[in-house]
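Letter by letter, the chains look like this.
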Amino acid sequence: MKTFLMTSVLVMIIAGVYGAVDMSKEMNQGTLIDYHEPLKHLPKAKSLAHFELRFDKRHPRIQASENKPVKVKSHRRANPEFSTELFSRGGE
Amino acid sequence: MSARFLYSPKTVQWLSLLLFWFPITLLSLLLVYNTLPYFSFDRNMPFLETRAALYNKVVWRTCFYIHIAAGAFCILTALTQFSSWILKKRKKIHVVAGKIYVFVVLLIGAPTGFYMTFFAEGGFAERACFMCMALFWFYSTYRGFVTAARDKNFIAHKFWMIRSYSMALTAVTFRIYHLFFFYTDMSHLTNYSLALWISVCGNALVAEWIIYSQTKNYFKTFTT
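Taken in order, these protein sequences are the chains called H and P.
The first sequence: position 52 = 52 (the working numbering), numbered continuously.
To convert, take the position in the second sequence, counting from 1, and add 92; that gives the working numbering.
Chain H extracted, bound-state conformation (with noise of 0.2 Å):
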């Protein structure tokens, strides 16, 4: 037990000072992967794009349903004017 323990310990300092050594390596070279330059041109993992899709105008089914005339509603008959004689005793 006491050799497996002390193997995984030494095998993670191994793993930190070499990463280490590594990347100061590629400061140095200026190679090291700028993941803040835009990555547009490379292609989407297809669960996003399929989420994407589902969103984007150019989808058919999202264009059909744009193209689709509107029904318009009849509009009610506007209220009649207020007048005196609607409300007569004698329908005058």
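Hints in this document: simulated from the structure, not taken from any laboratory.
Please read all numbers here as calculations on a predicted model, not as lab measurements.
Some hints could be false.
[As the list claims (entries may be wrong)] Mimicking DSS-like on lysine-lysine, the simulated pairs with C-alpha atoms at most 25 Å apart in a straight line are:
1) P:K149 / P:K191
2) P:K102 / P:K183
3) H:K25 / P:K149
4) H:K2 / P:K184
5) P:K149 / P:K250
6) P:K191 / P:K250
7) H:K2 / P:K102
8) P:K184 / P:K244
9) P:K250 / P:K102
10) P:K250 / P:K312
11) P:K244 / P:K181
12) P:K149 / P:K244
13) P:K191 / H:K2
14) P:K244 / P:K308
15) P:K312 / P:K244
16) H:K2 / P:K180
17) P:K250 / H:K2
18) P:K102 / P:K308
Position chain P against the provided structure of chain H, taking the given hints into account.
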């Protein structure tokens, strides 16, 4: 079904366990399933295309494939470890799966992950976050193993393994947050760093809350 049965403490406990473990199991299996295409060793995968320069490095490439294979093993073996039924009735499964988990984390998963943190996506803060995560994952697994195998302190073992598993599960929770923030129209890098920090800190906080609720002397759990 009577209301007495529905509201009994045992039913509530079962339901809460189901609500907690069902999504975790499902998403863990989904994560493992999603890693399978990488073993075609095709470099035209979206994740690898953004890291084309790194992929040309033999060490990074080897670490990457070993790390995802180790991660799949960790996720699958850890799923059985918190079952009290397995622990009581099938202790051998717990012991064997636990040994695989410890071996994979300490010798393979954590060291390869630690090396890759130096080239992780994001800025300095994100890399530091990944490094802390890898180190804490290693340390908690180490302590969890030592407390069980050497000290026979199984309560401390349980607490350290909860901490270890919370770090292993960041792979799952990170993807949930990442997908959630995708809909908020955030830039990719902001989304990435936010999802990373929330998944690491959130998982650690949930683990500490579980430990805190199960112990009387919380601070002692760090020293045992």
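These are the hints, each one checked on the structure:
1. P:K149 / P:K191: violated (32 Å)
2. P:K102 / P:K183: Roughly 23 Å between the alpha carbons, so the hint for K102 (chain P) and K183 (chain P) holds.
3. H:K25 / P:K149: holds (13 Å)
4. H:K2 / P:K184: holds (22 Å)
5. P:K149 / P:K250: At roughly 39 Å apart (the allowed maximum being 25 Å), K250 (chain P) and K149 (chain P) break the hint.
6. P:K191 / P:K250: Holds, because 14 Å separates the two Cα atoms, which is no more than 25 Å.
7. H:K2 / P:K102: violated (43 Å)
8. P:K184 / P:K244: At roughly 16 Å apart (the allowed maximum being 25 Å), K244 (chain P) and K184 (chain P) satisfy the hint.
9. P:K250 / P:K102: holds (22 Å)
10. P:K250 / P:K312: holds (14 Å)
11. P:K244 / P:K181: This hinted pair holds, its Cα atoms lying about 19 Å apart.
12. P:K149 / P:K244: Outside the cut-off at roughly 43 Å; violated.
13. P:K191 / H:K2: holds (15 Å)
14. P:K244 / P:K308: Holds, because 20 Å separates the two Cα atoms, which is no more than 25 Å.
15. P:K312 / P:K244: Measuring from Cα to Cα gives roughly 16 Å; hence the hint holds.
16. H:K2 / P:K180: Measuring from Cα to Cα gives roughly 28 Å; hence the hint is violated.
17. P:K250 / H:K2: Holds. K250 (chain P) to K2 (chain H) sits at ~21 Å (cutoff 25 Å).
18. P:K102 / P:K308: Holds, at roughly 23 Å.
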